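J.: Going down the list, the protein sequences come from chains A and B. Per our numbering, residue 1 is the first one in the first sequence, and the count goes up by one each step. Per our numbering, residue 113 is the first one in the second sequence, and the count goes up by one each step.
It is possible that part of the hints are untrue.
From chain A, some residues computed to sit far from chain B (all C-beta separations above 10 angstroms) [unchecked claim]: (1) Gly16; (2) Ile111; (3) Lys112.
Pairs of lysine-lysine, DSS-like flavour, derived with a Cα cap of 30 angstroms [said to hold, decoys possible]: (4) B/Lys185 - A/Lys79; (5) B/Lys185 - A/Lys35; (6) A/Lys24 - B/Lys185; (7) B/Lys117 - A/Lys112; (8) A/Lys50 - B/Lys171; (9) B/Lys185 - A/Lys74; (10) A/Lys50 - A/Lys74; (11) A/Lys35 - B/Lys128; (12) A/Lys108 - B/Lys117; (13) B/Lys178 - A/Lys24; (14) B/Lys171 - A/Lys24.
These are calculated hints, taken from the structure and not from any lab test. For clarity, every value in this text was computed on a predicted model and none was experimentally measured. We treat Cβ as the ideally placed atom computed from N, Cα and C, and that holds for glycine.
Listed here are the chains, written in short residue letters.
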Amino acid sequence: DVVMTQTPPSLSVAIGQSVSISCKSSQSLVYSDGKTYLHWLLQSPGQSPKLLIYQVSNLGSGVPDRFSGTGSQKDFTLKISRVEAEDLGVYYCVQATHFPLTFGSGTKLEIK
Amino acid sequence: QVTLKESGPGMLQPSKTLSLTCSFSGFSLSTSGMVVSWIRQPSGKSLEWLAAIDWDGDKYYNPSLKSRLTVSKDTSNTQVFLKITSVDIADTATYYCARITTVAPFDYWGQGVMVTVSS
Chain A
1 DVVMTQTPPS LSVAIGQSVS ISCKSSQSLV YSDGKTYLHW LLQSPGQSPK
51 LLIYQVSNLG SGVPDRFSGT GSQKDFTLKI SRVEAEDLGV YYCVQATHFP
101 LTFGSGTKLE IK
Chain B
113 QVTLKESGPG MLQPSKTLSL TCSFSGFSLS TSGMVVSWIR QPSGKSLEWL
163 AAIDWDGDKY YNPSLKSRLT VSKDTSNTQV FLKITSVDIA DTATYYCARI
213 TTVAPFDYWG QGVMVTVSS
């Protein structure tokens with residue numbers, strides 16, 4: 001299985017600051033069709049996960065453009081500019097290039 | 113409006129078979145490219161992908177659990193089912209179903225159903 005390694009495990013940031021979360025995979029996530037199936041989810045406290053970004057850099061529906069994703073091959077980053085209180089929760093990366101789909105261990109974002 | 117909702121027994125004993133239902137509306141599983149997936153999450157832990165079924169009836173399983181999993185759908189394409197045989201305490205988790213499309217994966221999730229395996 002593809003191992004997804006997320007860092008850091010937790011973050012504490014003040015409102016208005018910017019943060020980055022790293023996700024590294026044990027194998028390249030470029031599929032045979034040339035696309036990279038690396039996605040980011042946010043699980044707010046007590047809620048189901050929600051799609052933030054799909055295929056590395058595409059914003060999910062209704063997701064503010066404070067969120068952005070970059071990366072390629074095995075190294076990916078989620079950036080949140082100008083953190084807001086509603087951004088708290090656990091962020092997960094997930095790869096869907098290889099079966100089985102695998103998730104990162106999560107990064108917990110707390111607001112100072 | 114797309115919605116998904118999981119249902120299940122809440123609690124069951126070890127060695128029994130867990131049966132889960134994902135009831136959804138706002139889309140049809142018969143639409144090309146549509147997939148419904150099952151994911152679970154033990155309390156305080158990360159997510160684990162279990163299985164999926166697509167618009168064509170093709171089924172996909174996590175190899176680590178494949179021998180115990182069966183995913184299926186109803187003929188009206190508004191429900192997806194998951195069965196897990198020989199459950200163990202390690203199967204205690206919140207179980208989610210989620211939609212995957214060719215445009216955006218995991219774009220809609222159910223609220224989750226908590227399942228506890230206990231004697």
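J.: Against each hint, give a clear statement of whether it holds in the structure.
T.: Evaluation of the provided hints:
1. Gly16: 29 angstroms, holds
2. Ile111: 20 angstroms, holds
3. Lys112: 22 angstroms, holds
4. B/Lys185 - A/Lys79: 38 angstroms, violated
5. B/Lys185 - A/Lys35: At roughly 29 angstroms apart (the allowed maximum being 30 angstroms), A/Lys35 and B/Lys185 satisfy the hint.
6. A/Lys24 - B/Lys185: Outside the cut-off at roughly 35 angstroms; violated.
7. B/Lys117 - A/Lys112: 34 angstroms, violated
8. A/Lys50 - B/Lys171: 24 angstroms, holds
9. B/Lys185 - A/Lys74: Violated - the C-alpha atoms of A/Lys74 and B/Lys185 are around 35 angstroms apart, more than 30 angstroms.
10. A/Lys50 - A/Lys74: Distance of about 23 angstroms is within 30 angstroms: holds.
11. A/Lys35 - B/Lys128: 41 angstroms, violated
12. A/Lys108 - B/Lys117: OK: A/Lys108 and B/Lys117 at ~26 angstroms, within 30 angstroms.
13. B/Lys178 - A/Lys24: 26 angstroms, holds
14. B/Lys171 - A/Lys24: Roughly 28 angstroms separates the two Cα atoms, so the pair holds.
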